[in-house]
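Asks: Read top to bottom, the protein sequences are chains A and B. Start counting the first sequence at 1; every next residue gets the next number (my numbering). Start counting the second sequence at 206; every next residue gets the next number (my numbering).
Hints are not guaranteed to be accurate.
What the hints assert, rightly or not - Under the rule of at most 30 Å between Cα atoms (straight-line distance), these lysine-lysine pairs were calculated in the BS3-like manner:
1) A:LYS166 to A:LYS35
2) B:LYS327 to B:LYS210
3) A:LYS177 to A:LYS166
4) A:LYS35 to A:LYS169
5) A:LYS95 to A:LYS166
6) A:LYS4 to A:LYS96
7) B:LYS398 to B:LYS220
8) B:LYS220 to B:LYS210
9) A:LYS35 to B:LYS367
10) A:LYS95 to B:LYS272
11) B:LYS294 to B:LYS367
12) A:LYS36 to A:LYS177
13) B:LYS398 to A:LYS169
14) A:LYS36 to A:LYS166
15) B:LYS272 to A:LYS96
16) A:LYS95 to A:LYS35
17) B:LYS294 to A:LYS35
18) A:LYS177 to B:LYS367
19) A:LYS166 to B:LYS210
20) B:LYS294 to A:LYS177
21) A:LYS36 to B:LYS398
22) B:LYS220 to B:LYS327
23) B:LYS327 to B:LYS367
24) A:LYS169 to A:LYS95
25) B:LYS210 to B:LYS398
26) A:LYS177 to A:LYS95
What the hints assert, rightly or not - Far from chain B, by Cβ distances over 12 Å, these chain A residues were calculated:
27) CYS28
28) PRO60
29) PHE64
30) LEU101
31) ILE123
32) PHE139
Since the hints were made in silico from the structure, they are not lab data. Glycine is no exception: its CB is placed at the ideal position from the N, C-alpha and C atoms.
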Amino acid sequence: MDFKGLLAIVMAAVLVNNYVLSQFLGICPFLGVSKKLDQATGMSIAVIFVMVLATAVTYPIQYFLLNPNNIAYLQTIVFILVIAALVQLVEIVLKKYIPALHASLGVYLPLITTNCAVLGVCISNVDSYMSGGGFGASFVQALFNAFGSGLGFLLAMVLFAGVRSKVEKANPPECFKGMPITLISAAIVSVSFMGFAGLVDNLLG
Amino acid sequence: MKNNKLAILTNGIIKENPILVLILGTCPFLAVTTQASNAIGMGAAVTFVLLCSNVMISLLRNVISDKVRIPCYIVVIASFVTLVQMVVKAYFSALDTALGLYLPLIVVNCIILGRAEMFANKNGVLDSALDAIGMGVGYLLAMLIMASIREIFGAGTWFGMKIPVLADNNISIMTMAPGGFAVFGLLIAVVNKVSHGKAIKKKDFGCEGCPSAASCGQRGCERVQKEANA
């Protein structure tokens, strides 16, 4: 796989098919944790980390274990259990060996287990890269897609944390306070991401 | 006693509507509500999984040890989701393509895990089943309302039927991502207006049980504060 192709995958995942703003995955943390910039950044870095790790583990499982044995229908159960176990394991390892990192990311790790973006990226990697080429090339593509998706999540969270800090100070009508005005500002941020449509094809295609 | 059962059933439809009041399970809600028929399919799938998992967990509630309950719930829910996936793939292939990724993602839908933790592991089988039906129907109705608004204005159709004037003057952004966020925001605003702000306070309910509570966008969430301070 050449560099240009990998760059295209990352760009597409970050800007064009942004997980939060155009595919509606990981909306809960997007609305919940985006109030403060430092929390938003911490959460997003943990998400990038878990996404890449989860893909690195689930993709080979699907390729070498589920597909050859004709049990691909167990995908959902296997993936969710593997991700849940993996996140627990990472938390234990971080707590024991890298306490500084655990202090900053540890809070977010348990929440990520049920983040639909993580399971989503694992399943969509299997769906889109499994058919083409051998294991090596497709595995690298899947990893880069996972990294790009996580980066897109970070971008959306950080941008939205900025927008939200302004919105919090505004004074909307009573019934719009809280969630409704947040959702409407998310709609406006999402409009701006529509401008990236076709970017990758024109730039690197 | 009879009134009590009825209250459990209607609770999920109006007072604690999972989408419009508790704001749980937003991802599929925003993503698949571009067509009314998809909303019905997704709502039915969620209701089925919710009903089966609530009944199963209620039956097993004395057997499962408290420490390993969450993994057990996830396995039960994932099994039923796999069942739904197989049925949809076999008999409704159009729905399968329309729902795509969001069908397996029912596993991580916080409504289902939330109801298992909050209701099914404390109540009997019949009550859990009624609660599941109520919540499922509430979810389905909210999805249908949202999808109808987006499809009628965005595509000028409803369940595929053309609507005379709107079909020629459709606002296509309504069916795209920004339309989803905006219509959802407006719907919650309407609910707040009608209930005079009482609905917002109700959100506190959803938190305790939902394992992703702290990552959810709910106001009453103390867990995130506690864990952040700890």
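Asks: Quickly compare the C-alpha distance for LYS95 of chain A and LYS35 of chain A to 30 Å and report which way the hint goes.
Replies: Within the cut-off at roughly 26 Å; holds.
Asks: Holds or violated: are the alpha carbons of LYS36 of chain A and LYS177 of chain A at most 30 Å from each other?
Replies: Between LYS36 of chain A and LYS177 of chain A the Cα gap is close to 18 Å, so the pair holds against 30 Å.
Asks: Are the Cα atoms of LYS272 of chain B and LYS96 of chain A separated by 30 Å or less?
Replies: 22 Å, holds
Asks: For the pair supplied as a hint, LYS177 of chain A and LYS166 of chain A, is the alpha-carbon distance within the 30 Å limit?
Replies: Distance ~13 Å between LYS177 of chain A and LYS166 of chain A Cα, so the pair holds.
Asks: Is LYS210 of chain B within 30 Å of LYS398 of chain B, Cα to Cα?
Replies: 29 Å, holds
Asks: Mind checking the alpha carbons of LYS398 of chain B and LYS220 of chain B for me, to see if they're no more than 30 Å apart?
Replies: 14 Å, holds
Asks: Taken at face value, is the distance from the CA of LYS272 of chain B to the CA of LYS95 of chain A at most 30 Å?
Replies: At roughly 21 Å apart (the allowed maximum being 30 Å), LYS272 of chain B and LYS95 of chain A satisfy the hint.
Asks: LYS166 of chain A and LYS35 of chain A: Cα distance at most 30 Å?
Replies: 10 Å, holds
Asks: Can the restraint linking LYS294 of chain B and LYS367 of chain B be considered satisfied, given a maximum Cα separation of 30 Å?
Replies: At roughly 28 Å apart (the allowed maximum being 30 Å), LYS367 of chain B and LYS294 of chain B satisfy the hint.
Asks: Does the alpha-carbon distance linking LYS327 of chain B and LYS210 of chain B stay inside the 30 Å limit?
Replies: Satisfied, since the Cα-Cα distance of roughly 15 Å is no more than 30 Å.
Asks: Sort out whether LYS166 of chain A lies within 30 Å of LYS95 of chain A, counting only the CA atoms.
Replies: 36 Å, violated
Asks: Given the hinted pair LYS169 of chain A and LYS95 of chain A, is their alpha-carbon gap at most 30 Å?
Replies: The given pair, whose Cα atoms are some 37 Å apart, is violated under the 30 Å limit.
In this structure, the earlier hints numbered 5, 6, 9, 17, 18, 19, 20, 23, 24, 26, 27 and 31 are contradicted, and the remaining ones agree with it.
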